[in-house]
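These are the residues of each chain, in order.
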Amino acid sequence: MNTIRDKCAIVGVGTTEYYKRGQSYPETELSMACTAILAALDDAGLTIDDLDGFSIYSSSCDPATVGAELGVPEIRWATTTTSGGGGCVGALGVAAAAIATGQATTIVSLMTLQQLNKRLGGSAVGGMLQYAMMSEGGSPYGGSGIAPSAAFTANNGLLSPGHSFAQITSRHMHLYGTTREQIAEVALSSRRNASTNPRALRPEPLTIDDYFNARMINDPLCLFDYTMESDGAVAVITTSVERARTLRQPPVLISAASHGGAGRWGPALFKYFQTPDEHFATSGHRPVAQRMYEMAGVGPSDVDVALLYDHFAPMVLIQLEDYGFCPIGEGGPFVADGNIRYGTGSIPVNTHGGNLSEAYIIGMTHVREAVEQLRGTAANQVEGAEVALVTGGPAGLPVSGAILRKDV
Amino acid sequence: MAGDFGPLTKGVFPTILFETHADEMAQPFWDAAKDDRLVCQHCTGCGTFRMPPSPFCFKCQSRDHDFRELPGTGTIYSFTVVRHPLHPDLIDCCPYVSGVVELDGTQGAGARMLVNIIDVDPDTVKIGDRVEIVFEHVNDEMSTPRFRPITS
Numbered sequence: 001m002n003t004i005r006d007k008c009a010i011v012g013v014g015t016t017e018y019y020k021r022g023q024s025y026p027e028t029e030l031s032m033a034c035t036a037i038l039a040a041l042d043d044a045g046l047t048i049d050d051l052d053g054f055s056i057y058s059s060s061c062d063p064a065t066v067g068a069e070l071g072v073p074e075i076r077w078a079t080t081t082t083s084g085g086g087g088c089v090g091a092l093g094v095a096a097a098a099i100a101t102g103q104a105t106t107i108v109s110l111m112t113l114q115q116l117n118k119r120l121g122g123s124a125v126g127g128m129l130q131y132a133m134m135s136e137g138g139s140p141y142g143g144s145g146i147a148p149s150a151a152f153t154a155n156n157g158l159l160s161p162g163h164s165f166a167q168i169t170s171r172h173m174h175l176y177g178t179t180r181e182q183i184a185e186v187a188l189s190s191r192r193n194a195s196t197n198p199r200a201l202r203p204e205p206l207t208i209d210d211y212f213n214a215r216m217i218n219d220p221l222c223l224f225d226y227t228m229e230s231d232g233a234v235a236v237i238t239t240s241v242e243r244a245r246t247l248r249q250p251p252v253l254i255s256a257a258s259h260g261g262a263g264r265w266g267p268a269l270f271k272y273f274q275t276p277d278e279h280f281a282t283s284g285h286r287p288v289a290q291r292m293y294e295m296a297g298v299g300p301s302d303v304d305v306a307l308l309y310d311h312f313a314p315m316v317l318i319q320l321e322d323y324g325f326c327p328i329g330e331g332g333p334f335v336a337d338g339n340i341r342y343g344t345g346s347i348p349v350n351t352h353g354g355n356l357s358e359a360y361i362i363g364m365t366h367v368r369e370a371v372e373q374l375r376g377t378a379a380n381q382v383e384g385a386e387v388a389l390v391t392g393g394p395a396g397l398p399v400s401g402a403i404l405r406k407d408v
Numbered sequence: 409m410a411g412d413f414g415p416l417t418k419g420v421f422p423t424i425l426f427e428t429h430a431d432e433m434a435q436p437f438w439d440a441a442k443d444d445r446l447v448c449q450h451c452t453g454c455g456t457f458r459m460p461p462s463p464f465c466f467k468c469q470s471r472d473h474d475f476r477e478l479p480g481t482g483t484i485y486s487f488t489v490v491r492h493p494l495h496p497d498l499i500d501c502c503p504y505v506s507g508v509v510e511l512d513g514t515q516g517a518g519a520r521m522l523v524n525i526i527d528v529d530p531d532t533v534k535i536g537d538r539v540e541i542v543f544e545h546v547n548d549e550m551s552t553p554r555f556r557p558i559t560s
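Chains as they are written, first to last, in this note's numbering: chain R, 1 to 408; chain P, 409 to 560.
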């Protein structure tokens, strides 16, 4: 079968610093995107003259504007995966597909984010009503007009992504007996990793008492189950594997990437919830996981480090099930047994501290961490790491997963 | 605390959208709601119920449909207890319970409602609890659906 397996590689990573919400001012989303792109090209030993494509997600930037600003000689590819952060590593697969079919040579994938007068999830800064009005086809980052379906949910008090993800979490707890103590282990493990990562925005220690003394935002989610609001930009450069081997950095091969999910998962989390019973208490990742593993020719036991999208702590626990690290329904005991801990666990998860404790640039920080792990330069380096799993979502479709590996 | 939301009752999320923005497909729901009746779109091709109203049946792709009256009762499928107000002016309605209710008389997925569940103790409410619909008649157009424990 013709696939993208190992045909392309990530050759450059560039970022701004990570900021707490609003603190990137007077930078802008455009200026941070440009900074990250130039840094990523430089990391690879390339220049703007080499760049000829954009494969982004969640419409993170306008390639027309960035192309003009940086003087890109010719753009040959400009796509975004639809919906929100769920598509983040799917964008790597789209880049690889474009390059493997000769439609572009050097593609950037990026997220740039500044939360001054907007806040993700459309929360309190004037956006609450906007979130409430969202209907199928909308995204948490903005809506367009009021659809007839909106009135069916606008007055129900479910106003933010956290309110939505709590529904999945409650159902998982009901079906499998998952506990808050087990979910806490995700938050604590991520925080321990952040404490030894100099760029983490939340490095301060977190104890189980801190976790249980924290205010409940909305049951069963407490303050430390939520990610943070942050600003910054992260860009990565993908090119063909042959060219990658001539460049400055050790290539990180894109062994597989898949985006999508079950059709009836649909916009699942955002004002929908008609998800079939067998999919409801999942991360929505199961179909994507299967395709991705098949494409890469590896399974969960081959993965050395997992960077799992963690906007909410329990979603890590559920992804561990859907990516086959433990049986369905056993994510709780699996994390409680210490399996995801850096240094001692069977599958170290979010070694950088994740979205929960490092920064939340809508998933791209996980791609950066995967690349650094496979280059051997991570702050919390997994010894001998050769295969990394990176995911985007759960969210409205598409969700995505990628297997990256060292070029050995 | 005075705010833009009018007087608030603990546990009751206020109506914030006063117009239904209904099209032909959605209007039968709101017409029935005025009479305190719950109707649900029903595929006349294969019998599947779906909510909210939409153009196509997800099972058989038929556009043919009618609206069937449901008993208005259901079961809590999942929920959250919102304790921290997303907007400071909403403090007086917290904590409130909102979640997914599976509707009696339908066939599982495809006919759930996402609603504020009132008159429940946020510390003891649980998945599987039985509830019934109650409409707040806001104006000539909007009747906000909520669910509450079955009283009778």
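Read the hints as simulated data drawn from the structure, not as lab findings. A hint or two may mislead.
Some chain R residues judged to face chain P by a derived CB distance under 8 Å, without partners named [stated by the list, open to error]:
| # | residue |
| --- | --- |
| 1 | 148 |
| 2 | 213 |
| 3 | 214 |
| 4 | 217 |
| 5 | 219 |
| 6 | 297 |
| 7 | 298 |
| 8 | 300 |
| 9 | 301 |
| 10 | 345 |
Chain R regions said to be covered by chain P (calculated; three or more residues, Cβ under 8 Å) [as the list claims (entries may be wrong)]:
| # | segment |
| --- | --- |
| 11 | 158-164 |
| 12 | 248-257 |
Please read these numbers as outputs of a predicted model, since none were measured by experiment. Even glycine gets a Cβ: it sits at the ideal position worked out from N, Cα and C.
Hint-by-hint comparison with the structure:
1. 148: This interface hint holds because 4 Å falls under the 8 Å limit.
2. 213: This hint is violated: residue 213/R lies away from chain P, its Cβ roughly 14 Å from the closest one there, beyond 8 Å.
3. 214: Because about 11 Å separates residue 214/R from the closest Cβ in chain P, which is outside the 8 Å limit, the hint is violated.
4. 217: 5 Å, holds
5. 219: At about 4 Å, which falls below the 8 Å cut-off, the nearest Cβ of chain P leaves the hint on residue 219/R intact, so it holds.
6. 297: It is violated, given that the least Cβ distance between residue 297/R and chain P is near 34 Å, above 8 Å.
7. 298: 33 Å, violated
8. 300: 28 Å, violated
9. 301: Not OK, violated: residue 301/R not within 8 Å of chain P, min 32 Å.
10. 345: 30 Å, violated
11. 158-164: holds (count 4)
12. 248-257: violated (count 0)
Hint violations for this structure: numbers 2, 3, 6, 7, 8, 9, 10 and 12, all remaining hints satisfied.
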